[in-house]
Amino acid sequence: MQNGIKKTLFIVTFSLLSAQVFGHGDLTKRINEKTREISESPKDFRLYYERGLLYQQHIEYTKAHEDYLKSKSLGNTDKALQYRIAEVNYLAGDYNAALKSITAYLEVNGSSDVKAKKLEAQILFELGAYKKSLYAYRYVIDTMKDLRPEDILEYCDIILAENDKNQEVALEAIESGLKLLGPNTLSLQLRKLDYLKNSGQIEKALEQYNYFILEYDRREFWYYKKAMYLAEMKRPKEAIISLKLATATIDRLDMKFKNMNAILKLKEQIKSLEAQLK
Amino acid sequence: MIKKITLILIMLFTVNSFSQTATVDTQVVTSEKNSPSIVVERGPYLQTGTPTSVIVKWRTDIATESVVNYGRVLGALTKKETNRALTTEHEVALSGLTPNTKYYFNIGNLTEVLSESVSGDMYVITAPNPGTDQFVRAWIIGDPGTANAFQRQVRDAYYNYVDTTATNTGKTDMMLFLGDNAYSTGTDEEYQSAFFDIYDEMFKKSVAWSCLGNHDAYSADSATQSGPYYDIFTFPKEAEAGGTPSGTEAYFSFDYANIHVISLDSHHTSRAIGDPMYNWALSDIQNTKQDWIVVLFHHPAYSKGSHDSDIEDRLIEMRENFMPMLEANGVDLVLNGHSHSYERSYFINGHHGLANTFSLEEITKGGNTVGANGKGDGKEDGDGAYQKADTDPEGAVYITTGSAGHVSGGELNHQAMYISLNKLGSCVMEIEDDGKGGQNMVIKFIRETGEIDDYFTINKTGVTSIANTNEPKSESGKVHYVAGSDLLTITVDRNERLKKVKIYNNIGKLVKKSRKKTINVGKMPKGMYAIEITTKNGTYIESVTIE
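Those protein sequences? They're chains C and G, same order as listed. Throughout the first sequence, residue numbering follows full-length UniProt numbering, covering 1 to 278 in sequence. Throughout the second sequence, residue numbering follows full-length UniProt numbering, covering 1 to 547 in sequence.
The set of hints was computed from the structure by calculation and includes no laboratory data. The model shown is predicted, which means the values in this text are computed figures rather than measured ones. All clues given are correct.
Below, in silico cross-link-like pairs of lysine-lysine (DSS-like), each with a Cα-Cα straight-line distance of 30 Å or less:
1. LYS225/C with LYS509/G
2. LYS43/C with LYS79/C
3. LYS278/C with LYS234/C
4. LYS271/C with LYS513/G
Full structure from sequences and hints, please.
As structure tokens, this is what we get:
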């Protein structure tokens, strides 16, 4: 999420500098159309809200914010507007204003709005209020009807931001995510592997590599990845065994796969690692 | 008179037994016997078809139980799947089906049948087993959701095509929607008028798949997987239809016969390299053994239509981030919408830059096009089909086909495109034997008038995946194993004394030790093993497959 801040700032800066270059196709036309409608009905708060949404999609957050405020000043009391004001503040990196807006939204509309709670958690995270962020995100995890793997991963990011030694807690979150989304959900299994490696649980990390090897129809990439890890862990003989199995798996592939660029590259990588290990 | 009616009925039944696209006026007789008290407002429609299962969905005006009666014989629907919970949004999974088999069905509740087709136009044909080499037809529909006459004309042109085509008449194995299925904001009402009301007849006999379009996303939220798009569609999150489990309906994959289809979310989900969708797509494509790989997502990697792939961020990110990975792993066809036109590329590979940097004359790093025919029209009766051989599996065709409901023009001059048309239409993909042990993927652009304004063929040799059973030669020449034998033999040079042999299984676990030159492996599970041989001269590691 720290990268998220940089990414957001970059996008804002970049879009301000080069809005003309980074177009969004028919959004520009729709914004122009909405501007024309506003010129005909300048007191219609609905139009400002709609144009604000378009500006937001166009990554023109300042203009979106201005339109939302104008819509509010003209009498728009819809809760969707309140949410959008918080959201656009968050996207623009004004986290204090975003927190103020989302808090007001949740006070008025009740704290059971899962989407708003998620935004609150994301804002709190950016403000470094990790415990509060965790608390809000926990609600999202417990309440959201259709969680995505991305939600579980974001929750884990907050856990580790709050305390980077909490790999075990993050792992528990991944395990509960696997129960919710399916035991073989790839991005969660990949993250589990990362946490096991990062927390120095070498044998468990190797078991996790074995999980991928056994679970997948094509194993050559996983054998190689396991060999890389074994090499890093200074276990060259096991690494070589894994590389041999990778090579043997490639040898048994259908010709069309053997000649794909990804496999040709993998063969070079195997050769290179083998040379290093000898 | 009675004889005449009987004859007509027999003829109708016969026609409908072979046709999936009967028009409302003539052939479809979806009866509602005895005027049911509950009205089916939507569907039935088919989701997540696999070789052994399918999901049937429909909507009623009043909450009631969900019942699907089904069977292989039209007049004898002897099997039943029931959900007793009262609902207006019905979703029933049929399982334990036989692959590649036609099942007729009707829907209802515990007391009555609410919708059926006495003429046999409500059925599912289960998917063939993965790897099956057979004829497959997919209807590809991009940006259709206008609910206007144009959309109907495009639909009718396809229906007419499939009902009159000489081979596999009436067969539509799947519908591939490329997003923006209901304008302008993808609401439930808009989906009703621009989606269900339009394609109702086809939905009852062909499984519909989709990717998320930006207009669907106005009312759908991928972050919470809520809204009409996610409510209407039921896609496989746990690889129920093949592929790798994504854990989300926003992006997923499925197998049909020997085709692997990957559907990506180019709108809401992060398109960054290393983020979950990218990691999933990479693992998914590197795990398939299917002969054909088709990828669909809404925002086109290459377009100079009503959207410009040189300046729009989503389009650029899909091209720059996803295309190198998909191409390196053998993608054959990429289907996009968003621009309301038809733009079809040459047979290309490795060009991920701006439109004006694409050149047919470029030859460095293999060039922008692939093979002798890559810069031709791809027509068997023209410059020749695009070729994809075992020994040279590169090359894909990119199609932006977003004119199934309207056209919006644009410069239409992307240099990677063989043809760019500001015309209404949809595409059909047909995979068929080439008569030489390979297969042809034939794509046609069918105008709303019924004319075919473009077509091309990708020919692929060696499509039948035959496991390579040839044991690779032992690198050191010390390991000898004959498939089916119980004995593994280690050979060492005369002056090289064998000290020990260790056998590791397919996850590198030591499972056997020996000091003998002949080792009985008869009781070991079949599979791949690594053999570590230590002699007084050194250590050698080889692999062997015990069969």
